[in-house]
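Novice: So the chains spell out like this:
Number of protein chains: 2
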Amino acid sequence: MIIDCHGHYTTEPKDLHRFRKEQVAAIKENKALPTKASLKISDDEIRESLEAAQLKFQRERGTDLTIFSPRASGMGHHVGNESVSMEWSQICNDLIHRVVKLYPENFVGVCQLPQSPGVPPKNSARELERCVNELGFIGCNLNPDPSGGSFNSPPLSDKWWYPFYEKMVELDVPAMIHVSGSCNPAQHTTGTYYINADTMAFMQLMMSDLFKDFPTLKLIIPHGGGAVPFHWGRYRGLALNNNRPPLDELMKNNIYFDTCVYHLPGIELLTKVVPIDNILFASEMVGAVKGLDPQTGQYFDDTKRYVDQVAWLSAEDKRKIFEGNTRKAFNRLKIKAPAKV
Amino acid sequence: MIIDCHGHYTTEPKDLHRFRKEQVAAIKENKALPTKASLKISDDEIRESLEAAQLKFQRERGTDLTIFSPRASGMGHHVGNESVSMEWSQICNDLIHRVVKLYPENFVGVCQLPQSPGVPPKNSARELERCVNELGFIGCNLNPDPSGGSFNSPPLSDKWWYPFYEKMVELDVPAMIHVSGSCNPAQHTTGTYYINADTMAFMQLMMSDLFKDFPTLKLIIPHGGGAVPFHWGRYRGLALNNNRPPLDELMKNNIYFDTCVYHLPGIELLTKVVPIDNILFASEMVGAVKGLDPQTGQYFDDTKRYVDQVAWLSAEDKRKIFEGNTRKAFNRLKIKAPAKV
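Residue numbers (our numbering), protein chains in the order written: chain A, 460 to 800; chain B, 460 to 800.
Please keep in mind that the hints were generated in silico from the structure rather than gathered at the bench.
Mixed in with the good hints, there may be bad ones.
If several chains are the same, the list does not tell them apart, and a pair holds so long as it fits within one copy or across any two.
[What the hints assert, rightly or not] In silico DSBU-like pairs for lysine-lysine, Cα to Cα no more than 35 Å straight-line:
#, residue 1, residue 2
1, 799, 490
2, 618, 749
3, 490, 711
4, 671, 749
5, 495, 731
6, 711, 499
7, 618, 487
Produce the complete structure using the sequences and hints provided.
Specialist: This is the structure we're talking about:
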């Protein structure tokens, strides 16, 4: 079984965009917000939006199941206030729930959180609980920088985040650490901001004893762990210089990187330096980088092809990357999509 | 000849630290600033500070010349105001000048700039001019984020920076894009902030026509180009998606990455994907990561060893990385250290 742990609903029906546009405009102009009831999205529209995109790619690339969440750049936690963020998150999460109900074999849900700048993360616990207990979701996307590009939140190791981690541990779900769209002109959303947030997250975790306090907490750093594998020697050295444990020990049962790295040499480096047990297959499709790579004639984000090509990965290594490790990180997968024996 | 294009004076005599400590404290407490005249650093102290460190490593590793600048994390552009930054920069640059005078065969100078948050970069042109024309320096370190961790400056492609680029072009010197110490607890200086600034710089340049306006402007992105080589496919794809030229064309005579990547697999990836003509040898010694790598028994920052080990690099490739490309980027090297025939 091949599980893609990082897919976003980036082909949403157009009425969702209409709603969000009106919501954002209403905030700017201090007018009445559009109502949730105004949203008109039919099951057929949802089917159409997926059949020609995510489902087509699943079939073509031979992947079975996508762990699916709302568009990351669309979370927009910096827009409006906490109640706006809550309404928008619930709408987006409910839409993911509809996707999963329509295609239970192809998708399993992960939620967006109603974060807002300066608002304690614990306020997101209720929506996480709703998504896990009522909608059957198996994880969440946690934004380490709800400001949209200033990196002015406390480090992920700060007690600020602890009440939310407590809820995650209680519900037995992991978080993917994922920022949203950048409102900072210095940081391009998919080219800079995403990658910088990943690198930042790793360093914050590396310098802390967070996992002593939460031994079963699981965090996924997407986009191959940002810059970390390329600078693996720097991080190994910094760990030593700061009396931190070796990186493989530090990551062991708590930190995972995904394979959203869009060329073979990158995936080769990732699988060469990062412990195989900490790598989760993912493509982020249909996501950050669209289209065909003229060098290969294949889609940039067809990351399965790269993993397949790595010469030194054994069949067992690949089984771990494609399925086994993801089952460890997302423990609730066993309910939604039991392993085939 | 082997030229290390990225070395900082990180072993400064202790009176420099005394001065800076007093300067920072005086700003905080709104007291009288220490005077420049109070600084007492003898030539012997300078010699001692280098003999057991940079010079020892040059000899041991077989490198000839280091392009040398003040400690990057010490620039502290966010501390105090423009006049504090000016005095501190001049002191640091004058000290580099003394180093170069004592060891003209081993070091050539690059300056720190008197940047300050919100202050137009053009105000740094005068100090650049002084360092180049009076002290014989061959380049500068340009901080893309004088705030110390908020990334709130305009992108490097913004007209905000143009008057400073005009001076660089006039003087025929390149800039290394290098932030200073982070005052943002979310961004660790050497583990996050440096690397994030590199990645940010590349994306800003990639999305702009800066080099159409300044065809001879040369910018060096240190630390191997941040996350860029690891995500080379992502950047190639984003360039295509945004109708930008291919990356090798975009970098051609304007953007260089250095080899401050502290493990062999990273250097292998760098030299596999980035055009050889755009890679400059550098070690950042004695810098970000100290000590021996237990996996190799060698210093993490002995990057020459990694370059030497890359199987597919020809003698000509290595000559370019170790000397030729650096001479192209730092055109004034030909005055300070003419190529040996």
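Novice: Please go over all the hints and tell whether each is borne out by the structure.
Specialist: Comparing the hints with the structure gives:
Taking the closest pair of Cα atoms, residue 799 and residue 490 never come within 35 Å of each other, the shortest separation being 53 Å inside a single copy and 72 Å across copies. With identical chains, the CA atoms of residue 618 and residue 749 are at most 35 Å apart between copies only, with a shortest distance of 31 Å across copies and 38 Å within one. In this assembly of identical chains, residue 490 and residue 711 lie within 35 Å of each other by CA distance neither inside one copy nor across copies; the values are 50 Å within and 50 Å between. For the homomeric pair residue 671 and residue 749, the shortest alpha-carbon distance between copies (27 Å) is at most 35 Å, but the shortest distance inside one copy (40 Å) is not.
In the homo-oligomer, the alpha carbons of residue 495 and residue 731 never lie at most 35 Å apart, since the shortest distance is 48 Å inside one protomer and 51 Å across protomers. In the homo-oligomer, the alpha carbons of residue 711 and residue 499 never lie at most 35 Å apart, since the shortest distance is 45 Å inside one protomer and 50 Å across protomers. When the C-alpha separation of residue 618 and residue 487 is checked against a cutoff of 35 Å, the pair qualifies both within a copy, at 33 Å, and between copies, at 28 Å.
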